[in-house]
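K.L.:
In order, the protein sequence lines correspond to chains F and R.
Using numbering that gives the first Met the number 0, you'd call the opening residue of the first sequence number 0 and step up by one each time.
Using numbering that gives the first Met the number 0, you'd call the opening residue of the second sequence number 0 and step up by one each time.
Hints in this document: simulated from the structure, not taken from any laboratory.
Keep in mind the model is a prediction, meaning the values are calculated, not measured.
Honestly, I wouldn't trust all of these hints.
Below, a list of computed lysine-lysine pairs in the BS3-like style, where the Cα atoms sit at most 25 angstroms apart [said to hold, decoys possible]: (1) LYS468/F <-> LYS401/F; (2) LYS139/R <-> LYS81/R; (3) LYS401/F <-> LYS135/F; (4) LYS401/F <-> LYS345/F; (5) LYS131/F <-> LYS448/F; (6) LYS285/F <-> LYS309/F; (7) LYS138/R <-> LYS345/F; (8) LYS363/F <-> LYS448/F; (9) LYS468/F <-> LYS83/R; (10) LYS345/F <-> LYS81/R; (11) LYS285/F <-> LYS135/F; (12) LYS83/R <-> LYS138/R; (13) LYS139/R <-> LYS345/F; (14) LYS345/F <-> LYS468/F; (15) LYS138/R <-> LYS468/F.
What follows is each chain in one-letter form.
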Amino acid sequence: MSDDPLHSPRAINGRAPDVFRPGRWVSMKQYAEHEAVDFVIVGTGAGGATLACKLAEYGFTVVALDAGPYFRPLEDFASDESEQTKLYWTDDRIVDGDNPLQLGSNNSGKAVGGSTVHFAMVSLRFRPEWFKARTKLGYGADWPIDWREMWAYYTEVEQALKVSGPVNYPWGPPRPRYPYRAHPLNAAARALARGCEALGIGWTETPLATLSAPRGLAHPCVYRGFCVTGCSTNAKQSALVTWIPRALSAGAEIRDLAMVGRIETDANGLAVGVHYNRQNQWRFQKARNVVVAGYAIETPRLLLNSATDKFPDGLANRSGLVGKNLMAQANQAVWGEMDEEVRSYKGPPSLAITEHWNYEDEGKDFFGGYAYMSQGPLPQLWANTQATAHGLWGTRLVEAMKRYNHVVGLKIVGEMLPQESNRVTLADEVDQYGLRIPRVTYSWCDNDKRLIDHSVAFMSRALGAIGAKDLWVQEDDTCHLNGTARMGDRPDNSVVNADCRSWDIPNLWICDGSVFPTVGGANPSLTIQAIACRTADRIRGLSRVGEIRLN
Amino acid sequence: MLSAMRSNQARKDKARGSFQALPVEAMRARPLRLSVPRSLSRSAQREAETVSAARRLNRAAGMLAASVLADSALEHYRGSFKNKAMFTPLVVAGLTLAMSLHGTADRRPVAHRARDASYLSAAVTGLIGTGFHIYNVTKKVGGLSWQNVFYGAPLGAPMAILLSGMLGFCSERVRANGRRRSRRIFKLPAAETVATVSALGLLGTSGEAGLLHFRGAFHNPFMAVPVTLPPIGAGLLAGAVLNGGRRMRGLARWWMRLLALMGFAGVGFHAYGVSRNMGGWRNWSQNILNGPPLPAPPSFAGLAMAGLAALELIREARDA
Ligand SMILES: Cc1cc2nc3c(=O)[nH]c(=O)nc-3n(C[C@H](O)[C@H](O)[C@H](O)COP(=O)(O)OP(=O)(O)OC[C@H]3O[C@@H](n4cnc5c(N)ncnc54)[C@H](O)[C@@H]3O)c2cc1C
Ligand code: SF4
Numbered sequence: 000m001s002d003d004p005l006h007s008p009r010a011i012n013g014r015a016p017d018v019f020r021p022g023r024w025v026s027m028k029q030y031a032e033h034e035a036v037d038f039v040i041v042g043t044g045a046g047g048a049t050l051a052c053k054l055a056e057y058g059f060t061v062v063a064l065d066a067g068p069y070f071r072p073l074e075d076f077a078s079d080e081s082e083q084t085k086l087y088w089t090d091d092r093i094v095d096g097d098n099p100l101q102l103g104s105n106n107s108g109k110a111v112g113g114s115t116v117h118f119a120m121v122s123l124r125f126r127p128e129w130f131k132a133r134t135k136l137g138y139g140a141d142w143p144i145d146w147r148e149m150w151a152y153y154t155e156v157e158q159a160l161k162v163s164g165p166v167n168y169p170w171g172p173p174r175p176r177y178p179y180r181a182h183p184l185n186a187a188a189r190a191l192a193r194g195c196e197a198l199g200i201g202w203t204e205t206p207l208a209t210l211s212a213p214r215g216l217a218h219p220c221v222y223r224g225f226c227v228t229g230c231s232t233n234a235k236q237s238a239l240v241t242w243i244p245r246a247l248s249a250g251a252e253i254r255d256l257a258m259v260g261r262i263e264t265d266a267n268g269l270a271v272g273v274h275y276n277r278q279n280q281w282r283f284q285k286a287r288n289v290v291v292a293g294y295a296i297e298t299p300r301l302l303l304n305s306a307t308d309k310f311p312d313g314l315a316n317r318s319g320l321v322g323k324n325l326m327a328q329a330n331q332a333v334w335g336e337m338d339e340e341v342r343s344y345k346g347p348p349s350l351a352i353t354e355h356w357n358y359e360d361e362g363k364d365f366f367g368g369y370a371y372m373s374q375g376p377l378p379q380l381w382a383n384t385q386a387t388a389h390g391l392w393g394t395r396l397v398e399a400m401k402r403y404n405h406v407v408g409l410k411i412v413g414e415m416l417p418q419e420s421n422r423v424t425l426a427d428e429v430d431q432y433g434l435r436i437p438r439v440t441y442s443w444c445d446n447d448k449r450l451i452d453h454s455v456a457f458m459s460r461a462l463g464a465i466g467a468k469d470l471w472v473q474e475d476d477t478c479h480l481n482g483t484a485r486m487g488d489r490p491d492n493s494v495v496n497a498d499c500r501s502w503d504i505p506n507l508w509i510c511d512g513s514v515f516p517t518v519g520g521a522n523p524s525l526t527i528q529a530i531a532c533r534t535a536d537r538i539r540g541l542s543r544v545g546e547i548r549l550n
Numbered sequence: 000m001l002s003a004m005r006s007n008q009a010r011k012d013k014a015r016g017s018f019q020a021l022p023v024e025a026m027r028a029r030p031l032r033l034s035v036p037r038s039l040s041r042s043a044q045r046e047a048e049t050v051s052a053a054r055r056l057n058r059a060a061g062m063l064a065a066s067v068l069a070d071s072a073l074e075h076y077r078g079s080f081k082n083k084a085m086f087t088p089l090v091v092a093g094l095t096l097a098m099s100l101h102g103t104a105d106r107r108p109v110a111h112r113a114r115d116a117s118y119l120s121a122a123v124t125g126l127i128g129t130g131f132h133i134y135n136v137t138k139k140v141g142g143l144s145w146q147n148v149f150y151g152a153p154l155g156a157p158m159a160i161l162l163s164g165m166l167g168f169c170s171e172r173v174r175a176n177g178r179r180r181s182r183r184i185f186k187l188p189a190a191e192t193v194a195t196v197s198a199l200g201l202l203g204t205s206g207e208a209g210l211l212h213f214r215g216a217f218h219n220p221f222m223a224v225p226v227t228l229p230p231i232g233a234g235l236l237a238g239a240v241l242n243g244g245r246r247m248r249g250l251a252r253w254w255m256r257l258l259a260l261m262g263f264a265g266v267g268f269h270a271y272g273v274s275r276n277m278g279g280w281r282n283w284s285q286n287i288l289n290g291p292p293l294p295a296p297p298s299f300a301g302l303a304m305a306g307l308a309a310l311e312l313i314r315e316a317r318d319a
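Pulled out of the complex, with its shape left as it was, chain F reads as follows:
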């Protein structure tokens, strides 16, 4: 049988790839399709893998399906940007709106481990006030969860990923010491630091989910900077090398190359399992509970595609909010050149960060906040950026590429506000499985634009202050998608409650970035994983008092 993970599933016959040992396998429990498992989980990314692991460890029977392949990072990942596009979700989608999103490399992954297989590892906690953004800061919506509860779950995730972070974090309430120490700064990160010092604001080493010391069979980071094309040393603590192995050893089953097309509901309006396509066959897995964790586009798409006569607008959608309030995060950058060599691509791309404008509200003409980080684009990405965003071509492009080693850049992760008009709907076209593809509509609001203007002006000053020359602004870039199935405290203003349980179908859960009511100016994966840990605890608690369907 071929061992091409993109075409033949690897997690079969009672075993799954051992991601730590080339060519080896770990044993995997398997469940019969006709017998209902306690939980079937759609998607094994930040949300799905974490939940699968925790639920299996709590003794529930779990099958987790992912449309993507089961990679062996030590063997399958090349130091080649083109080859590694295999990590992205590049199935057909339609984008529109005033600011159509560029989908693919910068926002979604398709693999066991989800987008965390190629994410940039930045692992930030939210600012506590963001959980009550409406009440405390006057915009967006409140979360139905208290920040103090989240603080404990953040700690759990940081430990699970052995996050490497500064000894003291300069912003927000005290947090426990990061399990591993911060990585050494590269020249790009020191440039950020010097800019912050020149402008009198704080900076620190970015908390990163990549190892600064060995951990079990995972090697420490080697600072080659291939992170966003897939880490081939296992230093990156993606879900694929953290939660998934734990889930397997706790008895969960993972099914790779398994695309879920529809959630089945019965006459009582309860979910009974999922239809999925594996090896060109439609199959059905019975389950007592269904969890959707497919990322902010695929989650609403699946809910909408599962409409029935009883739920004509799609599942969990009585509020009409499924697919709405999609939030990207602003990802504008300012680039320049230094006289000396920077070689910004050495090491993880974002080794230094300032969250100043996440925590400082004075002097802003906008709601929300942003962090900005040092950057380290790989050469092909950089050539693309120069050709498209900067509009260079021919000799000018060649000349610019010759100065690649001198490039220095700062990039924000900025909060965009929830708007119902930014949304995921279904297009009439179908994909390779015959499923209707998503249409993603996105437009920036005035507040988004003001935030972007503020950040670009500030970062330009920061780069100017350290002597960077030929500054230019990359204006149209977004990252991280969230929203589309927001959590809340009432069925009419949200899709799920604080436990990620849908208001309409009590055995249907949503556990990924879709549930965010607001996104803050911080990368979301740590929060997604913290919410998944909380959800697992809540499910265990509810099952003990008989409030969950388990037979």
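Got chain F sorted already, so can you dock chain R with the ligands onto it with the hints?
P.N.:
Okay, now just chain R with the ligands, sitting in the frame of chain F:
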């Protein structure tokens, strides 16, 4: 008769001392000490003991110098010898090592000019090196921060060559005592001085190991060993100086042996640490530079050897 008994007792003590001494280096010292003829006068006996004590210190200084030589070679190679001054510790540590070997082989009861000069220059290099390293750390963005003490030039490293120089210099002073009854380093009592230098050295080196192991997040429980055993050893040396009873000294002596063993075992642990980097030992040319420094832990052995020499001096000063 009395004197015969005394020297017999001394011989027994010596025999015990050398038997319990360090695995490799000290074993070599044994025949030389036993070769002190029984019939020698007490002052000649004293002179022989003085020279042995001095040679033990030469050996300790040499051990430290060897550790510094290998460590700075590796670290400064890793830093591409960006600054010409980065060759200095190699030259100085190499010279100190050679002088220490010379001293170990030398049985004459007089200080040696060249050795003195080289030990002094080692000490000065250590001081200047510390200055350089502090400058390197503080001029980085962030100044004296965790980031810079973790990854900038290691503040404690040049101290090792300073210690080596100081121990060697003490060795020459001890040697110069010849037949004198109470051995002195300038005006200070030799035994206590060497014990103090060794104890402070142990504390400082342990501090540096602590810093770097904290950088490694103590990910392996054994990383706690070099931050717990040496301070206890320093305490025992202090105890031996202050209280000086035989039992305390005996305990201290055992502890120094344990520390020496730890110093050598540390190389093994660091070798294991190297193997845990990507590519393991197959990728040795990168991982030796990347992983935990192989030559660092034996500096504990050097200091433990100095501690043993100090304990022997204390014994001779108080029991003889
Ligand atoms: C280049 C890049 C860099 C990033 N950097 C950071 C960072 O530094 N810090 C940070 O916090 N976040 C970062 N992110 C974002 C982070 O990776 C995501 O927010 C997070 O992984 C989302 O988690 P999720 O569970 O919602 O979805 P994902 O992790 O994307 O997982 C969804 C999974 O579901 C599967 N799936 C979807 N639909 C179906 C279906 N119908 N059937 C079966 N399987 C399905 C997909 O294949 C995918 O594997 C980055 C993202 C990208 C793309
Ligand atoms: S720089 Fe570190 S985290 Fe990034 S790909 Fe290389 S080893 Fe992995």
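K.L.:
All the hints need checking, so say for each whether the structure fits it.
P.N.:
Hints, verified against the model:
1. At roughly 15 angstroms between alpha-carbon atoms, LYS468/F and LYS401/F fall within 25 angstroms of each other, so this suggested pair holds.
2. Restraint check: the Cα-Cα separation between LYS139/R and LYS81/R comes to about 16 angstroms, which is no more than 25 angstroms; the hinted pair holds.
3. Between LYS401/F and LYS135/F, the direct Cα distance comes to roughly 49 angstroms. Violation of the 25 angstroms bound is thereby established for this hinted pair.
4. Distance check on the hinted pair: LYS401/F and LYS345/F sit about 17 angstroms apart at the alpha-carbon level, within 25 angstroms; holds.
5. Taking the CA atoms of LYS131/F and LYS448/F, the gap is about 23 angstroms. The hint holds against a cut of 25 angstroms.
6. The suggested pairing of LYS285/F with LYS309/F holds, with an alpha-carbon distance near 20 angstroms, which does not exceed 25 angstroms.
7. Between LYS138/R and LYS345/F the CA atoms are separated by roughly 22 angstroms; this keeps the pair inside 25 angstroms, and the hint holds.
8. The hinted pair formed by LYS363/F and LYS448/F meets the criterion: a straight-line CA distance of about 13 angstroms does not exceed 25 angstroms.
9. Between LYS468/F and LYS83/R the alpha-carbon distance is near 32 angstroms, which puts this suggested pair outside the 25 angstroms criterion.
10. For the suggested pair LYS345/F and LYS81/R, the alpha carbons sit about 19 angstroms apart, so the restraint of at most 25 angstroms is met.
11. In summary, the hint linking LYS285/F to LYS135/F is not supported, as the alpha carbons are separated by about 44 angstroms, beyond the 25 angstroms threshold.
12. Note on LYS83/R and LYS138/R: the hinted pairing holds, with a Cα-Cα distance of about 19 angstroms set against a maximum of 25 angstroms.
13. Restraint check: the Cα-Cα separation between LYS139/R and LYS345/F comes to about 18 angstroms, which is no more than 25 angstroms; the hinted pair holds.
14. Pair hint LYS345/F plus LYS468/F holds up; C-alpha atoms about 21 angstroms apart against a cutoff of 25 angstroms.
15. A C-alpha spacing of about 23 angstroms is found between LYS138/R and LYS468/F, which places the hinted pair at or below 25 angstroms, so the restraint holds.
When the structure is compared with the earlier hints, violations turn up for hints 3, 9 and 11 and for no others.
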